[in-house]
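Protein chains: 2
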Amino acid sequence: MTDKVIRNLQICLEDGSVIRGEVFIQNGKISRISETPIENFNGEEFDGKGYLAMPGFIDQHIHGASGADFMDGELHGTEKIVHYLPTEGTTSFLATTMTHSPDHIHNAVNTNKQFIGNRNFKGAEMLGFHLEGPFIHPEQRGAQPLQYIHKPSIEMLKEWFGAQLDDLKIVTLAPELDTNFEMISFLHNQQVVSSAGHTKASFEIIQSAHRHGLTNLTHFTNAMTGIHHREIGVVGAGFMNNNLFCEVIADGVHLSTEMLKMIGKFIGSDRIILITDSIRAKGLPDGTYTLADQDVTVVGQKATLQNGTLAGSVLRMIDGVKLMKELCHFTIHEIQKVSSMNAAKQLRVFDRKGSISVGKDADLILLNEDLELQHTFCLGELCFSKV
Amino acid sequence: MTDKVIRNLQICLEDGSVIRGEVFIQNGKISRISETPIENFNGEEFDGKGYLAMPGFIDQHIHGASGADFMDGELHGTEKIVHYLPTEGTTSFLATTMTHSPDHIHNAVNTNKQFIGNRNFKGAEMLGFHLEGPFIHPEQRGAQPLQYIHKPSIEMLKEWFGAQLDDLKIVTLAPELDTNFEMISFLHNQQVVSSAGHTKASFEIIQSAHRHGLTNLTHFTNAMTGIHHREIGVVGAGFMNNNLFCEVIADGVHLSTEMLKMIGKFIGSDRIILITDSIRAKGLPDGTYTLADQDVTVVGQKATLQNGTLAGSVLRMIDGVKLMKELCHFTIHEIQKVSSMNAAKQLRVFDRKGSISVGKDADLILLNEDLELQHTFCLGELCFSKV
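Going down the list, the protein sequences come from chains E and U.
Residue numbers for the first sequence follow numbering that gives the first Met the number 0, beginning at 0 and rising by one.
Residue numbers for the second sequence follow numbering that gives the first Met the number 0, beginning at 0 and rising by one.
Just chain E, same shape as in the assembly:
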């Protein structure tokens, strides 16, 4: 891979400070960050035009885009997603499965595995899997198909991912169905994130689950018990437990703008993880698409099943970031936390992702002063430029 320098940047550093400078890239990694121009460089030159450089977005909860869904289990489909994601600033992600038959899930995992750690696929990097279902509560299933919901089973996990749960990063489950929190404890031992979602848990169950290792709440406020004044529920746990990350779909459809403000104000940038939860319809026109064999109708920003249930989103990370900035007046540092750093830390890839630092992967996005995406670099390769 050719060495590269991106000159003339405003660089957002890991501590949130922004400096004028240039970023040098060697073999896909950031080799140097310099505040003074360095002449006589023997490699590719790229003019940053004074843009703001931030770490590429990490989307830990995404089902599809550009016509493809990871559950299709098709190499070519996943390749389309990987190519698409840099257009919204995403440079790494978790392939997120849905509640389906064991064979179907197994097949999706086997196919998509081929993308992990494989540099032949130019585009966003698949970091592993987010298993959303089938271990969820039927009454909070949202758009997850009822017939494939299953009680928590460690055996099934091992069948799909092997005894060491290779490449499994997050499991969304209903903790109230996990007897003695056995699955959560097992996942914790394997360094896999347990996330409460599609759940009817009480506040106390979440607190107990947290003590067994649960650290994340899946698409916070959606498909979970809300706040009642005598039982503050999973949503209350998200507000009150300072050790839980909260995934947020900032599309203004899944949550009202006032709820997004409330989350920004009280949960704050240290615990919010922006996600898209997007489906195959993202990047395509309005119309009818499929999600786990169900018809999903997309009109504007809204994707619904025939009964009106929200069925994922068509949100692009860059748009979620812009909305949160507008509503919550986040600083640049707060933005890099909610869009990249927090996920990198939780997924244990902060040694190579989640900030612009020497030695880390050159996953960079360049933004103008209105936070409009201009360029995306994945492992140092230019994968998107605004036309």
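Warning: the hint list may mix true and false statements.
Claimed, not checked - Derived BS3-like pairs: lysine-lysine, alpha-carbon spacing no greater than 30 Å straight-line:
| # | chain 1 | residue 1 | chain 2 | residue 2 |
| --- | --- | --- | --- | --- |
| 1 | U | LYS199 | E | LYS301 |
| 2 | U | LYS324 | U | LYS260 |
| 3 | E | LYS264 | U | LYS344 |
| 4 | E | LYS264 | U | LYS321 |
| 5 | U | LYS48 | E | LYS199 |
| 6 | E | LYS157 | E | LYS344 |
| 7 | E | LYS112 | E | LYS79 |
| 8 | U | LYS157 | U | LYS321 |
| 9 | U | LYS121 | E | LYS199 |
| 10 | U | LYS28 | U | LYS48 |
| 11 | U | LYS28 | U | LYS344 |
| 12 | E | LYS344 | E | LYS321 |
| 13 | U | LYS344 | E | LYS321 |
| 14 | U | LYS199 | E | LYS264 |
| 15 | U | LYS260 | E | LYS264 |
| 16 | U | LYS260 | E | LYS199 |
| 17 | E | LYS157 | E | LYS199 |
| 18 | E | LYS344 | U | LYS324 |
| 19 | E | LYS260 | U | LYS359 |
| 20 | E | LYS324 | U | LYS260 |
| 21 | U | LYS28 | E | LYS260 |
| 22 | E | LYS321 | E | LYS264 |
| 23 | E | LYS199 | E | LYS264 |
| 24 | U | LYS324 | E | LYS260 |
| 25 | E | LYS260 | U | LYS344 |
| 26 | E | LYS344 | U | LYS321 |
| 27 | E | LYS301 | E | LYS79 |
| 28 | E | LYS264 | U | LYS264 |
| 29 | E | LYS199 | U | LYS264 |
| 30 | U | LYS28 | U | LYS121 |
| 31 | U | LYS385 | E | LYS260 |
| 32 | U | LYS324 | E | LYS264 |
| 33 | U | LYS385 | U | LYS48 |
| 34 | U | LYS264 | E | LYS324 |
As the list claims (entries may be wrong) - Simulated restraints, written as ranges between beta carbons of each label pair:
| # | chain 1 | residue 1 | chain 2 | residue 2 | range |
| --- | --- | --- | --- | --- | --- |
| 35 | U | GLU368 | E | GLY15 | 40 to 50 Å |
| 36 | E | GLN190 | U | ASN179 | 57 to 67 Å |
| 37 | E | GLY267 | U | ASN242 | 18 to 28 Å |
| 38 | U | GLN190 | E | ASP369 | 41 to 51 Å |
| 39 | E | LYS150 | U | THR289 | 49 to 59 Å |
| 40 | U | THR296 | E | THR287 | 55 to 65 Å |
Simulated from the structure, these hints should not be mistaken for laboratory data.
Where a beta carbon is used, it is the ideal one built from N, C-alpha and C, also for glycine.
Since chain E is already given, all that's left is putting chain U on it; use the hints.
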């Protein structure tokens, strides 16, 4: 009235600092606060025994105690309440009416008026009225009787309180029923507090009502629209609007302890006003009592109608204060805000109530280090001592 000195105190001052010293009382008012002992005092001596002196509690929402209810419209009954309240640290209060027939409300107002500004009744001071209903939403009536609910009517207010609304301090109403916010605007002009309660208002309606003068939320979280992730409701407004006071019944029954913690953490001591909302059963054994002609059964801390609806409380202010201190780790300064200062400011009596300051009424409570009430002084007179 004899001059008095209370020596050997820890005195909580208006700014929250606590000093060792003594408080001098002349004609019912605090005449001097001294950090050094003053000898040769020609008046009554009282040994404070090193207790903490705080401003007496102000309960802006109370229906009754000790067998009596303000709605009874009986002088002797109200006198019983006035005598009872110092036993829980309350030194001033608003007589709170309930939804009932216009004549009934009128009669209750006329009788109780005789207590206002009248020093013949030794005990807690009635500062005026809190009119709770009849201008409320039928579907959020709680224990307010359905048949007397009425649409907001300024004419009715004038009939009960006169054209200038004398002695009316707070009106609890459902703002969504107040056409063009006419009553709220009128109350605002008359310097009467509008409080949203027993309401189905949306977040936006509360925000509009606030722009017309609404400043208080009645027994926050009870009998109002809760937080939904796409419509955060009246409860959401309480959390998000920094200019609203929130009445809180801290009995652990109306709200769970977790919700009380959440309110303490996110709303905080500048906007919480502790109330009791207590009924005639307070201070009496478990049994069946009446509330607006309905049977109310009291077991422990819980008072309910026959259908199970909560019907006021039997909470004592001192117990609410202790619970909030335990749950929210409030400082002494925070405690004086939520139990006295905030209400005094909102009710426009902070020139004479709500803090221990020279020139203010000598409404004082003495507490031991566990916040157990030892003595209560109302306008300088000892009205309660722990046996």
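Do the hints match the structure? See the list:
no.	hint	verdict
1	LYS199/U to LYS301/E	holds (27 Å)
2	LYS324/U to LYS260/U	holds (10 Å)
3	LYS264/E to LYS344/U	holds (27 Å)
4	LYS264/E to LYS321/U	holds (28 Å)
5	LYS48/U to LYS199/E	violated (53 Å)
6	LYS157/E to LYS344/E	holds (25 Å)
7	LYS112/E to LYS79/E	holds (15 Å)
8	LYS157/U to LYS321/U	violated (39 Å)
9	LYS121/U to LYS199/E	violated (54 Å)
10	LYS28/U to LYS48/U	holds (21 Å)
11	LYS28/U to LYS344/U	holds (18 Å)
12	LYS344/E to LYS321/E	holds (22 Å)
13	LYS344/U to LYS321/E	violated (40 Å)
14	LYS199/U to LYS264/E	holds (25 Å)
15	LYS260/U to LYS264/E	holds (17 Å)
16	LYS260/U to LYS199/E	holds (22 Å)
17	LYS157/E to LYS199/E	holds (26 Å)
18	LYS344/E to LYS324/U	violated (36 Å)
19	LYS260/E to LYS359/U	violated (41 Å)
20	LYS324/E to LYS260/U	holds (28 Å)
21	LYS28/U to LYS260/E	violated (46 Å)
22	LYS321/E to LYS264/E	holds (16 Å)
23	LYS199/E to LYS264/E	holds (25 Å)
24	LYS324/U to LYS260/E	holds (28 Å)
25	LYS260/E to LYS344/U	holds (29 Å)
26	LYS344/E to LYS321/U	violated (40 Å)
27	LYS301/E to LYS79/E	holds (22 Å)
28	LYS264/E to LYS264/U	holds (12 Å)
29	LYS199/E to LYS264/U	holds (25 Å)
30	LYS28/U to LYS121/U	holds (15 Å)
31	LYS385/U to LYS260/E	violated (48 Å)
32	LYS324/U to LYS264/E	holds (24 Å)
33	LYS385/U to LYS48/U	holds (13 Å)
34	LYS264/U to LYS324/E	holds (24 Å)
35	GLU368/U to GLY15/E: 40 to 50 Å	holds (44 Å)
36	GLN190/E to ASN179/U: 57 to 67 Å	holds (60 Å)
37	GLY267/E to ASN242/U: 18 to 28 Å	holds (22 Å)
38	GLN190/U to ASP369/E: 41 to 51 Å	holds (46 Å)
39	LYS150/E to THR289/U: 49 to 59 Å	holds (51 Å)
40	THR296/U to THR287/E: 55 to 65 Å	holds (56 Å)
Checked against the numbered hints above, the structure breaks hints 5, 8, 9, 13, 18, 19, 21, 26, 31 and satisfies the rest.
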